[in-house]
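Same order as they appear, the protein sequences are chains V and Y. Heads up: the first sequence begins at 1 in my numbering, then just goes up one per residue. Heads up: the second sequence begins at 1001 in my numbering, then just goes up one per residue.
Please note that the accuracy of each hint is not assured.
As the list claims (entries may be wrong) - Below, computed lysine-lysine pairings styled on BS3-like, alpha-carbon distance capped at 30 Å:
1) Lys1010/Y x Lys28/V
2) Lys4/V x Lys17/V
3) Lys17/V x Lys1086/Y
4) Lys17/V x Lys1147/Y
5) Lys64/V x Lys1003/Y
Hints were generated in silico from the structure; no laboratory data involved.
The residues making up each chain are set out below.
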Amino acid sequence: MIAKTSPEIGGMGHSIKRKEDSRFIQGKGNYVDDVHLPGMVYGHMVRSPYAHARLKSINTEKAKQLPGVLAIITGEDLAKANLAWMPTLFFDKQMVLATGKVLFQAQEVAFVVAQDQYIAADAAELVEVEYEELPVLVDPHKATDPSSPILREDREEKSNHIFHWEVGDRDATDKAFQSAPVKASVHAISQRCHPAPLETCGCVADFNRATEKLTIYLTSQAPHAHRTLFSIVGGIPEQNIRVVSPDIGGGFGNKVPIYPGYVCAVVASLTLGLPVKWIETRSENLQSTGFARDYHMTAEIAADQNGKVKALRVKTLADHGAFNAAAQPTKFPAGLFSMCTGSYDFAASFCEVDGVYTNKAPGGIAYRCSFRITEAAYLIERVVDILASQLKIDPAELRRRNFIQPDQFPYKTPLGWTYDSGNYEGALNKALEMVGYAQLRKEQEEKRKKGELMGIGISSFTEAVGAGPAHTFDIAGIKMFDSAEIRVHPTGKAICRMGTKSQGQGHETTYAQIVAQELGIPASDVIVEEGDTDTAPYGLGTYASRSTPTSGAATAMAARKIRAKAKKIAAHLLECSEEDLEWETGKFFVKGAPSKSKTIQEIAFAAYTNIPAGLEAGLEAVNYYDPPNLTFPFGTYICAVDIDKGTGEIKVRRFVAVDDCGNVINPMIVQGQIHGGLTEGLAIAFMQLIDYDENGNVQGGSFMDYLIPTAVETPHWETGSTCTPSPHHPFGAKGVGESPNVGSPAAFVNAVVDALSHLGVKHIDMPITPWKVWNVLKEKGVVS
Amino acid sequence: MAKKQAVCVKVNGQQREADVEPRLLLVHFIRETLGLTGTHVGCDTSNCGACTVVMNGKTVKSCTMFAVQADGAELLTVEGLFQEGKLHPLQEGFKQEHGLQCGFCTPGMLMSTYALLQTNARPTENDIRWGISGNLCRCTGYQNIVKAVQYAAGKMAQGGAR
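The task is simple: from the sequences and hints, build the whole structure.
Right, here's the structure in full:
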């Protein structure tokens, strides 16, 4: 248990109000598009209307003549500086501006710079590009057909196959299947979707010719890593690059990669010596920046007659689009997809993934998830439900029979992960109780008799968040530690800087609470800054729910270093030995004489005014934290839906979410994260799809047809929690921001399939729209 | 470039005037000409509502109007909610009830709910959900925004009120 501090201190477990809110509610946030520099000019991207075409010519003459146009950059211009291509985050390269041919609709072809954004857009219209259309490859299942066009002429391997990856014991798994009396399977698509944070991506690149310093204001979830990559790829000395991530309007994985627009703005600023702003439109955001998922998956379970699972076999085809721009640790071509055994105790398992190229936008990134765990959690929670349905065992009961038990932790999965801690049945029981499961099932039975459609879906997921450990995890070679630096001022107030970067998660509040917990300095006296690479310590950034497991841990470790030094100063002030001192939130006192004490504020003052001989002045510390393992949050979600027989419309009547993320820093913020993630899960289950027609035209390329749930479709969420601390995290916390998005899609889909199961429905692919449901009802003769 | 036209508006109680191109969108006029960057742009199809401002007492999506159409109008943006040294009850409510995360939709949400409370002082949850149905939020799942508006309505009913 974590000792609870007073509300005035505001340490862990207090739902203190967010420090960052004051500026946001007054319109004083500072997002990238709010950055306005003297002499700033604007960039606009010319994009390909075709999914696959040879570039015959680009004529920029008319555009250049438009008054106010300053520069037009093409792929050929970039090629002269060896910048027409850039490396992706996953052993591939990507065109910055097209040379030779284009490989997806909306691909970047030329970059126009003008005095204002209207002129830049006008000039982009005047750029004349001649294309010769080529055959288009849309269906990933046809990628390796001999009749399909080879997309990537730049690669030595003349094939659209990118990688084959497998993990687990194929023979043991196959053997278990041969002897198993029961087999259940599903083919499920985790469809192509897009994180679509409300702020699109953009930057202001500002190269100062006098100082030779390049400052990039960037919508970046990983500013430090981006600085290093800009330096390595662009050949600019790293000390001359400053990346500033100001306020970020949501990320959800979309702002992890480096996009061609950023590179073009930097090149334009270097060329012109002026600040260049480039902000993509929403449509550009959806059509060209990192998509997520697009996993075409098959899962099979071998089990006995009692529903006890024996083995899991998974085969998946991954559509990466035109370039493999996956944003995930380099040892994991399919990210953490091998978490697909989920919360269950399988004796054997085998998982294989093949990645292919198609004429679609490049990716895929992790949309509010830890590197492909959403795909994995969805798959296992679907197939477990299918097994339950097949054996006519209640899905809650079947899960209970197969859970990894509390005494099995640390638990090693057959696919190589070591779960730190868990109590899956505890979370399930709580969720069942909160939702009134038995009563709901009774109601469902009665409704069925009346011909009404009601379904209940369960998902008991396990997440894996907080990468590193550095021995296993790196992004583009940079190890996935993270950092914190704390400076305590003479008056006992503090400033902290971290290598992570909030995009709405509330770091300015939660990190301050960790300092408050560890040092007893009130959270209100602690300022948190992130995102400026000139001032913050190096780190890998915020995604994959890694901030609390890494920088949060670093904050505690740095605070403990400060406390160790504070003890020496306290001993000096109290004229005793360190061994005679004890710590109580905010002060050291002499054992047995509590009135003889020094507060952290008094000690801080002494650190600058009355330093003991032999001790350095000041009171500050830095920690680079390399976690020994991931943390494994988990939970059970239960969804109840009613389906309108006439329209196919799905109404979420109840949704209960019980999450376990160990010890909690700020319950209000955790609950807010759960609400938001569930809403994104609802969107994926029922609404969101980036689709392509047979010519590679993107469908779902604007908010007109890529749907974001409004307050009207979004149900009232009911949240609960259990607490199983992480045994290895300094204060027993686990990451949580993505759990709701990882765990919820299966609960929604399981509920809809459950509502229709008596009609013989076994699976419906996401997004489950009213149209899809209505067609199923028609096919089953429920509506005519 | 078309001939510039004078646009004269009263913004947050202040008279402001500028010569602008007829095609200049109202949101760009507010953000760039007037320098009020609290109003945001989140889409290009009038769906998201991040650009919502109050014009002559009614909400408008300022990305879907030209600045010249606002000539002579009275505008209220998020920067105008803080008055007489005090936060508006809605601003308080959003902070107290954790009605925001990344903050990007917040100004538009505040302006839509400001207009809602002007015409419906005691909205039900359903009223609030429909009232903000033209404003998208990617972070909060709306539940705490509903609570924030209820907080403000309660406070205003007690006479805290604007």
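For this session: Take a quick look at whether Lys1010/Y and Lys28/V sit within 30 Å of each other, Cα to Cα.
Result: The hint holds at about 20 Å.
For this session: Compare the distance between the alpha carbons of Lys4/V and Lys17/V with 30 Å, and conclude whether the hinted pair is satisfied.
Result: holds, 17 Å
Exercise. Going straight from one Cα to the other, do Lys64/V and Lys1003/Y come out at no more than 30 Å?
Worked result: holds, 22 Å
Exercise. Can the restraint linking Lys17/V and Lys1147/Y be considered satisfied, given a maximum Cα separation of 30 Å?
Worked result: holds, 15 Å
Exercise. Keeping to a limit of 30 Å between CA atoms, is the pair of Lys17/V and Lys1086/Y held or broken?
Worked result: holds, 18 Å
Violated hints are absent here; each numbered hint is respected by the structure.
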